[in-house]
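Chemist: Top to bottom, those sequences are chains C and S. Following the UniProt record's numbering, the numbering of the first sequence begins with 1 at its first residue and continues without gaps. Following the UniProt record's numbering, the numbering of the second sequence begins with 1 at its first residue and continues without gaps.
Keep in mind the hints are simulated off the structure, nothing from the lab. This one's a predicted model, so the numbers in the text were calculated from it and none came from an experiment. Take these hints with a grain of salt, some might be off.
What the hints assert, rightly or not - Far from chain C, by Cβ distances over 10 Å, these chain S residues were calculated: (1) F61; (2) S90; (3) K191; (4) V205; (5) Q233; (6) E313; (7) I335; (8) K352; (9) N410.
To be verified - Computed cross-link-like contacts, DSS-like style, restricted to lysine-lysine with a CA-CA straight-line distance of at most 25 Å: (10) S:K93 to S:K336; (11) S:K162 to S:K192; (12) S:K413 to S:K389; (13) S:K163 to S:K54; (14) C:K125 to S:K192; (15) C:K42 to S:K389; (16) C:K194 to C:K280; (17) S:K372 to S:K389; (18) C:K125 to S:K413; (19) C:K95 to C:K194; (20) S:K389 to S:K230; (21) C:K125 to S:K389; (22) S:K54 to S:K413; (23) S:K192 to S:K230; (24) S:K95 to S:K54; (25) S:K230 to S:K246; (26) S:K372 to S:K230; (27) C:K42 to S:K93; (28) S:K54 to S:K372; (29) S:K352 to S:K336; (30) C:K220 to S:K93; (31) S:K352 to C:K42; (32) C:K199 to C:K93; (33) S:K434 to C:K42.
Glycine included, each C-beta is placed from N, C-alpha and C at the ideal position.
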Amino acid sequence: MRNRDLSFWLFLAPVILALVLVVFVPLLYGTIYSFTDWDGIKTSQFVGLDHYITLFQDSEFLNALQFTTLFSIASILLINAFGLSLALIVTSKLKSRNVLRTIFFMPNLIGGLILGFIWQFIFIKVFSSIGTLFGIPFLNGWLSTTETGFWGLVILMTWQLSGYVMVIYIAYLQGIPNELIEAAEIDGASPFQKFWRVKFPLIAPAFTVSLFLTLSNSFKLYDQNLALTDGGPYNSTQMLAMDIVKTAFTDNNMAYAQAKAVIFFIIVAIFSLSQVYFNKKREVDL
Amino acid sequence: MKKRFLFVAVLLLSCLGLIACSSDESNSTKEKSGESNQDGDSAEEVSIEVFQFKVEFKDQFEELAALYEEENEHVTINIETVGGGSDYASVLKAKISSGEEPTIFNIGGPSDVEQYEDLLADVSDTDAANAALDSTLTGVSQDGAVLGLPYNQEGYGMIYNKKVFEEAGVDPSTIQSLEDLEAAAKTIDSKKDELGLQAVIAFPVKETWVTGQHLANVFLTPEFDGDVMKAYQSNSVAFQHGEQMKAFIDFQNKYSVQPTLSLDYSQQVEELFSTGQVAMIQQGNWVYSTIESMDPEVAENDIGILPIPLDGEMKMPVGVPNYWAVNKNKDEAEIKAAKDFLDWIYTSETGKQFVLEEFKFIPAYEGYDESKIADPLSQEIYAYATDGKTSGWTFNGYPVAWAQDILGANIQKYVSDAATWDEIVEESIAEWEKSRQ
Chain C
1 MRNRDLSFWL FLAPVILALV LVVFVPLLYG TIYSFTDWDG IKTSQFVGLD
51 HYITLFQDSE FLNALQFTTL FSIASILLIN AFGLSLALIV TSKLKSRNVL
101 RTIFFMPNLI GGLILGFIWQ FIFIKVFSSI GTLFGIPFLN GWLSTTETGF
151 WGLVILMTWQ LSGYVMVIYI AYLQGIPNEL IEAAEIDGAS PFQKFWRVKF
201 PLIAPAFTVS LFLTLSNSFK LYDQNLALTD GGPYNSTQML AMDIVKTAFT
251 DNNMAYAQAK AVIFFIIVAI FSLSQVYFNK KREVDL
Chain S
1 MKKRFLFVAV LLLSCLGLIA CSSDESNSTK EKSGESNQDG DSAEEVSIEV
51 FQFKVEFKDQ FEELAALYEE ENEHVTINIE TVGGGSDYAS VLKAKISSGE
101 EPTIFNIGGP SDVEQYEDLL ADVSDTDAAN AALDSTLTGV SQDGAVLGLP
151 YNQEGYGMIY NKKVFEEAGV DPSTIQSLED LEAAAKTIDS KKDELGLQAV
201 IAFPVKETWV TGQHLANVFL TPEFDGDVMK AYQSNSVAFQ HGEQMKAFID
251 FQNKYSVQPT LSLDYSQQVE ELFSTGQVAM IQQGNWVYST IESMDPEVAE
301 NDIGILPIPL DGEMKMPVGV PNYWAVNKNK DEAEIKAAKD FLDWIYTSET
351 GKQFVLEEFK FIPAYEGYDE SKIADPLSQE IYAYATDGKT SGWTFNGYPV
401 AWAQDILGAN IQKYVSDAAT WDEIVEESIA EWEKSRQ
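Please model the entire structure based on the sequences and the hints provided.
Modeler: Below, the structure written as structure tokens:
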């Protein structure tokens, strides 16, 4: 690690270059624009912190923030619970485990927009047909209220991402040394004890990765949101990313949207980094 | 350590250098391959970049441009189409800020005029501008200059299924007010099982443009005398006809397929109306080609359009959805070529024929043979226009995004009982005033 000579930097240059061009420069520009009255074409003056002050009184932004937070909590819990359960199923001695792995992973291969439209069809058409057929009023009118829109999104995300985090859990579950499990068995541990006392602590690094992925994915969700509910009814299921796009391209408030985006970036960064920090502490070394 | 910082610094600088260099290289001249100027005396080669948003007529438009290129060999026309409202604006902005400004692009109304002011050339010297119907240019006129040329005219109202009306024993010509319309809906509703209907109306509250822009426009336009510029300059909106707007929303919602909050445009037009599962929808002449593709017979024989009643009057709201604008930052030859091209579309014989028969437009210009208007909806709308029984479109003069994001969303709130009518009117007025401060 010590000898950082010319070749070290040469090998690193392409990555640094790419990173600077597509991440740091836009970030810098964006932050600067958020202090101006940029409208996408011209900038006429600096407005200082005005955008940031209005932002915290903007009920639409705060609603979106609240909705996104609640959605993230619900979907992170469900995705990881489902992902881990699926991983436990396909690492057991089932005969069909290889087929199941592929099947569980498949939803993740479909693009978010298409998934959104597929589920829109399921929620609106299939649900209401089943509801009318069996007389379950609960299944009628999905996506036409805020609550059903919320749970619709959570279901969609869980369905899509569970398979993905499952793969991560599988990798760590298979990495657990066999002798530890055998030792537990000899000591007379029940299957639940084996899971809770042996496997669970040993796959802590998987939680760090999975929680990070699901957290940032749920927070930054846009395409599924757009395809499934488009923010409706009355913008109550609009998430942060969508609110920002709307502010920028529909309301034409480019600079204000930039300010929102900066705050959004800070929030996502704080949540994900502190999550990683606390989870890292929990990890155990063998 | 020092060396390392030096290196990072050099790297960063070289990045900046790359960025700075790259911007000089655009505007490279395009060469028309293999085609040298054999005529010798013909004008200099010009290429026009057209950036437009109407996806529906992309193919026909490109065909027309190819014809123009044949007639005028020195002109090359490059057409780029990006569809669907908000995408168009964002791509256009990206193009402008990256220096790839198109020669011809689209603007919607006064707020676009203000935003793109530095780019808009005066087109009042074109034949098309002279031929444009008077009322169609108000939204793009500024201090005597005309900054855009109308695409076409469009109109909307309650599109109904003639066959269903006949079978239910309702004569559409007797409908002259909201009461008549309600009576008709009631009659049809009572017979809906025999008629094979799911409901009388499909009311897509999900589509905020149907409610916030079109529906509301009928009731708000009189406040601005149907003048989009008056709406644009107004500091407030009074909802003078708010009660009638409420009544009309209640009416549509009551007789509609439920839940209206998740009902969208394609369900409304394709799934429910063109298959004869509902008798009426609030839409405009642009749905014709969709209905035609679903069921050509229904489209040709069974559909008619009624205006939305206001104060016991039946006036058809007719307006210009979009304008062509010419970029004044281009060199003179290119600007002239662009103007000539637009002139040719709307005033030459070939162009006129295309506008009516291929584009299926309701022309916004004089000198067209009305009998050739392609579809029955457009014909009916044109008839209202010639009888002077029209009102204007003013929603392009509302504050940006007010119609859809504020009013449209508020109507969703009202329909889902999350707010009362008075609350949403109050909030909508407040938002209008806030953005006009």
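Chemist: For every hint, state whether the structure bears it out.
Modeler: Quick rundown of the hints versus the structure:
no.: 1; hint: F61; result: holds, 24 Å
no.: 2; hint: S90; result: violated, 5 Å
no.: 3; hint: K191; result: holds, 22 Å
no.: 4; hint: V205; result: violated, 8 Å
no.: 5; hint: Q233; result: holds, 18 Å
no.: 6; hint: E313; result: holds, 31 Å
no.: 7; hint: I335; result: holds, 20 Å
no.: 8; hint: K352; result: holds, 35 Å
no.: 9; hint: N410; result: violated, 7 Å
no.: 10; hint: S:K93 to S:K336; result: holds, 23 Å
no.: 11; hint: S:K162 to S:K192; result: holds, 15 Å
no.: 12; hint: S:K413 to S:K389; result: violated, 33 Å
no.: 13; hint: S:K163 to S:K54; result: violated, 32 Å
no.: 14; hint: C:K125 to S:K192; result: holds, 21 Å
no.: 15; hint: C:K42 to S:K389; result: violated, 42 Å
no.: 16; hint: C:K194 to C:K280; result: holds, 23 Å
no.: 17; hint: S:K372 to S:K389; result: holds, 21 Å
no.: 18; hint: C:K125 to S:K413; result: holds, 23 Å
no.: 19; hint: C:K95 to C:K194; result: holds, 22 Å
no.: 20; hint: S:K389 to S:K230; result: holds, 20 Å
no.: 21; hint: C:K125 to S:K389; result: violated, 41 Å
no.: 22; hint: S:K54 to S:K413; result: violated, 31 Å
no.: 23; hint: S:K192 to S:K230; result: violated, 44 Å
no.: 24; hint: S:K95 to S:K54; result: holds, 18 Å
no.: 25; hint: S:K230 to S:K246; result: holds, 24 Å
no.: 26; hint: S:K372 to S:K230; result: violated, 34 Å
no.: 27; hint: C:K42 to S:K93; result: holds, 10 Å
no.: 28; hint: S:K54 to S:K372; result: holds, 22 Å
no.: 29; hint: S:K352 to S:K336; result: holds, 20 Å
no.: 30; hint: C:K220 to S:K93; result: holds, 24 Å
no.: 31; hint: S:K352 to C:K42; result: violated, 38 Å
no.: 32; hint: C:K199 to C:K93; result: holds, 16 Å
no.: 33; hint: S:K434 to C:K42; result: holds, 23 Å
Against the hints set out earlier in the document, violations occur for numbers 2, 4, 9, 12, 13, 15, 21, 22, 23, 26 and 31.
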